[in-house]
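Q: Below are the chains, spelled out letter by letter.
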Amino acid sequence: MRNRNATAYRFLAPYLLIFSVFWVWPIISSFMISFQATRTVPWRFAPGFNWGRLIGDPAFFNAVKNTLLILVIQVPVMIALAMVMAVLLNSPLLKARGLYRFAFFAPVVVGEVAYSAVFRLMFSLDFGIVNKLLNSIGLPKIDWFSNVTPAMALIMIAVTWRWAGYNAIILLAGMQSIPEDVYEAATLDRVSKLKQFFHITLPLLKPVIVFCLVLSIIGTMQLFTEPFLITERGGPGGGTETLGLLLYRQGFRSLNFGYASAVAYTMAALAIAITLVQLWLTREKQ
Amino acid sequence: MATVTLSNVVKRFGAFEVVHGANIDIKHGEFVVFVGPSGCGKSTLLRMIAGLEDISGGEIAIGGKLVNDVEPADRGIAMVFQSYALYPHMSVEQNLSFGLRMTGNPKADTDRRVKRAAEILRISELMDRRPRKLSGGQRQRVAIGRAIVREPQVFLFDEPLSNLDAELRVQMRVEISRLHKELGATMIYVTHDQTEAMTLADRIVVLRAGHIEQIGRPLDLYDDPDNLFVAGFVGSPKMNFIKAQIVGQDARGVVVELAGQEKTRITQPLAGAAPEVGSKVIVGVRPEHFGSAGEGDTDLVVAIDVVEHLGGTSFLYARTAHGEDVVIQRDAAKVPTTSEVTVSIRKSYLFDEKGLRLR
Amino acid sequence: MSSLSSARLRRSIALHLFLTPLALIWLFPLWMMVVFSTMPDNGIFSPGIELLPHGNFVDNFNNLQRDTNFVGAIGISVSVAVTYTFLSVLLTSMAGWALARYQFFGKGVVVGIIFGTITLPYAVVLIPQFIMVARDFQLANTWVALIVPPLFNSLGVLFMRQSFSMMPDDLFDAARVEGVKEWRIFLFVALPLARPMLAALAIILFLASWNNYLWPLLINSQPGSMTAPVALGTLIGLTKVSWGGIMAGAVMLTVPMLIVFVLLQRHFIAGIAAGAVK
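Protein chains in written order, with UniProt numbering: chain A, 1 to 286; chain B, 1 to 359; chain C, 1 to 278.
No wet-lab data here; the hints were simulated from the structure. Among the hints, erroneous ones may be present.
[Claimed, not checked] What the simulated footprint calls covered on chain C by chain B, stretch by stretch (three residues with Cβ under 8 Å from a Cβ of chain B suffice, anywhere in the stretch; the number is not a length): (1) 165 to 177; (2) 182 to 192.
[Said to hold, decoys possible] A short list of chain A residues far from chain C (calculated; beta carbon distances all over 12 Å): (3) F45; (4) W51; (5) P76; (6) K132; (7) M152; (8) A153; (9) R162; (10) D181; (11) V182; (12) L188; (13) Q196; (14) L204; (15) L247; (16) G258.
Ideal placement from N, C-alpha and C gives every residue a C-beta, glycine not left out.
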């Protein structure tokens, strides 16, 4: 290949322009804003102002706690479920594969607002179909919106419903790229299907699983629409307020950009830290 | 005049040098084949002539004009690729005309050139088809046609026949020869197949590991190789190499004794200085230069492992008493039925320990 | 042989017995969306269990249109998504082409930065982006605000880079030898060959734009400039609002995408599987 600096940068120019204006500069700017008091006009530089407040703010710790709680429970459950879906969809014994695939993959195209609205209706206390069904089989109604634990569970159920199929698609594609003869060889060696899964599929799929985990963690980290719309602005009483919601509330309701930027950087730091831990845990052993 | 001159051409990828100063003079209208094993730098050399690779050192001139910094399109060359590189989403006609259309050539002229190329290659009835619907040989023709429409001074071929089956390969070889006569253009052709090189070339450039081993006409390379590599590379089955030692000198030349076989001696005339007595050498014998007992200088007994009958001739795969493998060509009628046979060496080549020809 | 096939049969039955309820649970919210959208409001809030569609969709839609100008919002959403998809496909494939096909100074840095942004939460740039677009550029409540900032998409570039680098070198070299300019090679050789990948990318980008919520919520909050999801979102949580209408809106946002999904499933799955966009 010949060196073609001018040609290459001509092709990259529009993309890099958008990138610099709408990403590189904001990343720097966001960092600087987090060191400014932004509720005075003009803004003034006050390094400890937002970060100091952050450390002592119970609302912040509540949001961190909620976000991490969702992360720790929802992400593994969802990935495991996605894995089950992918394995079963990949089974040669499955009939009407297209129908099952549609069922699991369809939520991928559903917008956050549309499904948030449906979940709100389905889970409402007196008229929600879920409670009606629980009642009809003799179980008590659950007040999904007024108690913290059911509200958190509802958020996790909603997010899992929306994203499990998405991850299943990625995992399924990964599985289908594993050459068939590896399994044929194992079958000839009388390795059971279950052992094949744990000793062939899982190890070979590890990079794909890590990819899913990283994307899911970053996604859940920024969770906003579900607690905003389903549990009504992080209700009950901040019980489902996430970092994404706190950022929205501080930045765009209270117009406290400095504090919101500090929250944003905390999210970024957490996401990067968790991703690094993830990569470290799943690193290739020598 | 489309001469192509390479002077001290060097190619480096980073710190890694793959072509170490190549000097080649190609005359107008000449058919030159670059041949060598894979990784010898022959394709890189061709791509440098095409302008698809930067030249790390030295100069390349086409038609007497230095082209080091000239864009591929302005070098007066056309190239046929190993993979044919046909655009799968275009018809044959569109494939042929694509370059001309894209560079603003007048439509009437483009049509004329495409029509002519199609006639030369006898693909006129395929013009509306997509490459997917063509056989290997037809794709090859279209690829060549795309070069012809450019009416270049120099054609470059990068292993064009390696994706074809054996029969088609022979057919296309003849076709390319015919094309060369018809167009009279300079052609540079890269292959790893010495048969292709021998049958097509006016001159062959043998390359190994980025060095030019020898340049010459096909039969000169065959009859008079400069070194062990060329001797072994040109000719099929390849030349036999037998270890030997200089034992003396007589009126006719140096006397050589095959390793481990006292009394099996060959006398080889040498124009240059003879190596010292006792130095190790290698005797090269082509399969067809083994004669019946008594026909040559010396006789030796070999044990036959396998006989391959090809019809008119046969090849004996055998071992010398010292355990060296040799291939011997025989008329089918004269194949021995015994497990051992005595043969003579009618003609041989002598190489020193470094592989250079002693002559 | 027969014991083997009967074991297979048992396994197959177990598989379907497990997967069928799971699939039904997964389809249930979508089904209920359709059911709700056809029920009158007093039906939705009645004690009975209703699992089949009624005939009230048109009334619900009229209620929705009364609560918010949903048709107008859909118009904005469609136009924005189409424009965004076109521009984004063009930009990401140009960048992917450069990264796949050229050797150039600073390539390693550019690739490194693009990879680096994958793990960076969008939240980090959200506030400055908002300040810049709304205050510095004065572009709030315009189409430009909806379309341009989201054009940066690192996964899409990596997807296109991958697609282009899998194509054989000779194809482009052949055109180069013929004197075809690089941008024409890109336009007339590379892009046509990348059609399946472009389709996958376009579908995913369209979907992302169609469903995008947070950024449009922040930047285009004026009634006349809202996208459909934002317009619908404003109704959720209001006390005097038609839920049947909201559901009719949800159906209108979702069903076209489901149809596209069914028709173009292959491209859809290819795009997601390659991680084109989250």
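Q: Hint by hint, say whether it matches the structure.
A: Evaluation of the provided hints:
Requiring three or more residues with a Cβ within less than 8 Å of a Cβ of chain B, the coverage given for the region 165 to 177 of chain C holds, as 8 such residues are present. With 4 residues bearing a CB less than 8 Å from a CB of chain B, the region 182 to 192 of chain C meets the requirement of three and the coverage assertion stands. Chain C leaves F45 (chain A) outside its interface by the beta-carbon criterion, the shortest separation being 16 Å against a cut-off of 12 Å. Its beta-carbon lying about 15 Å from the closest one in chain C, W51 (chain A) satisfies the requirement of being farther than 12 Å from that chain.
Annotated as non-interface, P76 (chain A) keeps its C-beta farther than 12 Å from every C-beta of chain C; the closest such distance is 18 Å. K132 (chain A), annotated as away from the interface, has a beta carbon of chain C within 12 Å; the closest lies near 5 Å. Distance check for M152 (chain A) against chain C: the nearest CB is about 19 Å away, which clears 12 Å, and the non-interface claim stands. A153 (chain A), annotated as away from the interface, keeps every beta carbon of chain C farther than 12 Å; the closest lies near 15 Å.
A beta-carbon of chain C comes within 12 Å of the beta-carbon of R162 (chain A); the shortest separation is about 9 Å. Its beta-carbon lying about 21 Å from the closest one in chain C, D181 (chain A) satisfies the requirement of being farther than 12 Å from that chain. Listed as outside the interface, V182 (chain A) is consistent with that label: its C-beta sits roughly 20 Å from the nearest C-beta of chain C, beyond the 12 Å cut-off. At the 12 Å boundary, the C-beta of L188 (chain A) stays outside the reach of chain C, the nearest C-beta of that chain being 15 Å off.
With a closest Cβ-Cβ approach of about 14 Å to chain C, Q196 (chain A) is found to remain outside the 12 Å limit, as its non-interface label requires. The non-interface label for L204 (chain A) is consistent with chain C: the shortest C-beta to C-beta separation is roughly 16 Å, beyond 12 Å. Not every CB of chain C lies more than 12 Å from the CB of L247 (chain A), the least distance being 6 Å, so the non-interface label is violated. Its beta-carbon lying about 9 Å from the closest one in chain C, G258 (chain A) breaks the requirement of being farther than 12 Å from that chain.
Hints 6, 9, 15, 16 from the list above are not met by this structure, while the remaining hints are.
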